Structures are given as structure tokens and as C-alpha cells.
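Given these sequences and hints, build the entire structure.
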Amino acid sequence: MKISVYPEDVLFEYTKSLLQREYFVHPEKKYIKRFPQYIEFSSEFAEKWQNLISSSVKAYLGKLFLNKKFLTEKNGTIKSYTLADKEIWDDLDFTFTHRSAERLYEKMLENEVQTYKIFPGQHLIATVSDSLFISICLKNFEIYHFPWIVKNNANWLIKAVYITKASNWGSVIPKWAYLLENYKENEFPLRELLIEKLAAYLADASESLSSSYENNSRVEKNVKEVYNLFNKALTGWKEECPVGYEDEKYLDSIIASNKIIELYNHFINNLEFARQTRDSATEIFNAIME
Amino acid sequence: MSHSYRISVPINIALSESFREKIKSYKIDFTLLEILPKDTMLEMLKSKLLSKGFKETEKGLETSDYLGDTATFNLDTMQLNVSLNLPKNHEIYLVDDSNSDKMLESIISNCIKSEVPLPVDISRNLGKEYAKRITKVAIESKKIINNALKEIYKEAVIIKAKELGNLVNISESESGGNYRVHIEIQN
Chain A
1234 MKISVYPEDV
1244 LFEYTKSLLQ
1254 REYFVHPEKK
1264 YIKRFPQYIE
1274 FSSEFAEKWQ
1284 NLISSSVKAY
1294 LGKLFLNKKF
1304 LTEKNGTIKS
1314 YTLADKEIWD
1324 DLDFTFTHRS
1334 AERLYEKMLE
1344 NEVQTYKIFP
1354 GQHLIATVSD
1364 SLFISICLKN
1374 FEIYHFPWIV
1384 KNNANWLIKA
1394 VYITKASNWG
1404 SVIPKWAYLL
1414 ENYKENEFPL
1424 RELLIEKLAA
1434 YLADASESLS
1444 SSYENNSRVE
1454 KNVKEVYNLF
1464 NKALTGWKEE
1474 CPVGYEDEKY
1484 LDSIIASNKI
1494 IELYNHFINN
1504 LEFARQTRDS
1514 ATEIFNAIME
Chain B
12 MSHSYRISVP
22 INIALSESFR
32 EKIKSYKIDF
42 TLLEILPKDT
52 MLEMLKSKLL
62 SKGFKETEKG
72 LETSDYLGDT
82 ATFNLDTMQL
92 NVSLNLPKNH
102 EIYLVDDSNS
112 DKMLESIISN
122 CIKSEVPLPV
132 DISRNLGKEY
142 AKRITKVAIE
152 SKKIINNALK
162 EIYKEAVIIK
172 AKELGNLVNI
182 SESESGGNYR
192 VHIEIQN
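If you read the sequences in order, they're chains A and B. Position 278 of the first sequence, counting from 1, maps to 1511 under my numbering, and the rest follow consecutively. Position 135 of the second sequence, counting from 1, maps to 146 under my numbering, and the rest follow consecutively.
It is worth saying that the hints were derived from the structure and are not from the lab. Keep in mind that this is a model prediction, so the values were computed, not measured. Beta carbons: idealized from backbone N, C-alpha and C, even for Gly.
Looking from chain B toward chain A, a few residues come up when the C-beta cut is under 7 Å (computed): (1) Lys33; (2) Ala142; (3) Thr146; (4) Ala149; (5) Ile150; (6) Glu185.
Set out below in C-alpha cells:
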């Protein structure tokens, strides 16, 4: 019996299963092992692919930022928009290419065949818009790093997704701290998101101290470094690269509503409390052992 | 291939008598600020500790953990007594392909046979885990008592302030490990 299997059709079904978070079942899955390493996509596939990207990225962004209000600058003033407002999309550039199909095709082969890559970073080649689609499909937002995202001029909404999805453990320096270091690159909505992220980070940092008698010096160093970066970024946002009239007022109100100063003071108090507890525990331990 | 095994050592052989005495009872003293009359303050502290999981017993207010280790607070002396519930035997885990473990096993076996305590350095090493355990209980109960004291001081200061005039504002703050209650009254 002779059968015809089209790798691009299998890839399409594979990608759909990734987006629907389902286990990939396909009658022709067993032939993937025999697929060529690289394929050229047909124009019909390209059209289908663009439609798939367009609908799935929109759906993903809509769900992730449901009711989220973004403060953005329009004609010198700061206004609040949601993704449902047309104006917000005016300055956003998305360039989706065949690269995402290539990368996901490689991923599909990787799952079925043990492949060896001569250039390990090769699988990352994509536009920033493609990277967003790939990350959504693979449910992994740490494949592409912030320096790469910034260098490739991702629009602020793409960066916003990566900031929102970035892990935020209070005991380490978070990946999004890179954006604080490079504060000039942050559009206004990102400044708000970074402040929200910092609030969650400081709260987690306090939590990570509270039950610990261990030496907290590493956590202390990391949190202080992130907080210093934030303060430098804040000064930069206000003095070097303000956006629109009165953005300073907005920034201060975002900082106040996220209780950044209170959260940082709370962390410092918890740190002191943990230190006292540790000293006290050492004293008791030594008294027993002497 | 290696495997590990355990030796069960009677506790009186595993740990020295003086060490066992120490971990049977570790005491921490607390001071009570008499913002209100002492009896009132003690009553407030007692009900606060009962609400935080302490139970009233003949020895005082007591709390215990799943290992049976207890912390008993005596209101008359303002002293906390932490005591470990020692097992009959101490379990030691050894690895059969390690020379040092083999040597340790032979020392322990000889001590068990002749019913004499283990050498000081070995017993001291084993004692560390009990010292850590008693430290944990002491720190946890100390934390509860300090929190209870903090809460009753705040309540007492408010009661005292109300006696002095109209209470206008109360605020609390914590910095550098110090807790402050700021009260404004109008005469």
C-alpha cells in the first residue's frame, strides 16, 4: 500500500495540539522519524500558518491581559487602554514569519528522533514576534532571554508577556531585572508592569526569609541589588526619559498603590527579625553544646 | 555496591548524662512590662497564650509538638522550660563500605556490650541533632511568647491611654527589629 504523508500537515496538527494543551495524537505520527530534517513550506501552508498565529496569539493575549489596563502615552498625555481598544494596537509591530514553523518543526522532530545539533543556539533563530508564538506553543517563556528580546526591538506588548510570565522567586535576581538595568528601553506600560512585578518579588522575598534560621545574606544581597536597580530606573524614567506630561505623578501613584516602599521596609524588618532569630538560635545551640 | 544499615544504641550509651540533663530542660527568662497592674497583665498574657495553642496544665501553660517535645511557660516566674522527649534508643545510620563507619560501628558495639557511654567526641557529634531539635522548639515557643507579649502591650497601652483622655489616633510601625505603637490622646 502506498501512502502520502505531508510533513507540513503533520506539523500543523502538532502545533494545534500544543496550543490546545493536548497530547499529540496523529495517525501519521509514526512517520515523523522518517521526515527530512528541513522542509520548504508551501504557499497554502504559509497562509494557514499565518491564520493560526493570528487567531492563537490574539486569543492568548486577550486571556492573559483580560481587563488589564495599560497606561500608554498618546500625543503627550497618558491614557489608560485595554487590549480591546483599537488605539493601543496603532504603534505595535508584529512580524510573524515562517521561522516559527521551522522551529516548531525541529521541536516536533526532536521529540520523535534523537537529534544532535552542531550549533546548539540554532533552534532559537526567529523574529521576536515568532519567539512569542513559539513560547506560547511550548508554554515556555524562558527560551528567549530579555537581552535578545530587547536587542531585537520587541514591541512593548511582547515584552509585557515575557515580564508577566517570568518567574519571580524572591531569593534570586529575577530575569526581568535586566529591563531595570536598561531602563531607557522601557515604554510606559512596562514601567507599570515592572513595578507590579517588583511588588510580588518583594513579597516573595519576605516570605522566603520568615521561616528560615539560615544565613540570609545571599537573599539580602539579591533583593537590595534589585531594589537599587529599581531606584536607578525610577530616577532615569523621571529625569532622563519621561513619557508625556505628568508621568512622574502616575509613576508615584503606581508605586504607592503597589506599596513598594512598605514592602521593601517589611522585607528589611523581616531580615532583621530573621537575623535576631538566627542569633538567638545559635546562642541556644551553643549553650546546649558547650 | 554499598548499602546502609542502622544500629540502635540505648540513649544512655549514645549521649552523656550531663548532655541528657541539659536537653531535658532548657530555660528562657522573659520580662513583663507592668503597663497595667501585674495581675491584669498576667491574666491578659495567659488568655493570649491559651488562644495561641498553649494548654493549661499543673506545670503551667504548655505546648507540645508531634515528637512529644514540650515547652512549658510558668506565669509566676515568667520562665519558659523547653524539654525534649528523648527516645529509648538512638538510631545511627552507617554505610558498609566506609572505613570510618566500620570503625565507628566497632566502638559502638564495644560500648553497648560493656554498657559504657560512647567516647565524648562521638557522643557530642550525635548530640548535635538533639541540640538542633531543642533549639527549634525553644525558638518557636519564644516567638509565640514574644508575639503574645507584643500584642498584650499594645492592648494595655490603649487601655492606659483611654484612662488619660480621648483616644484620637493609634498607629504601629516596625523598623530595625523594634516595634512601636504611637498613640495620640486629647485631654
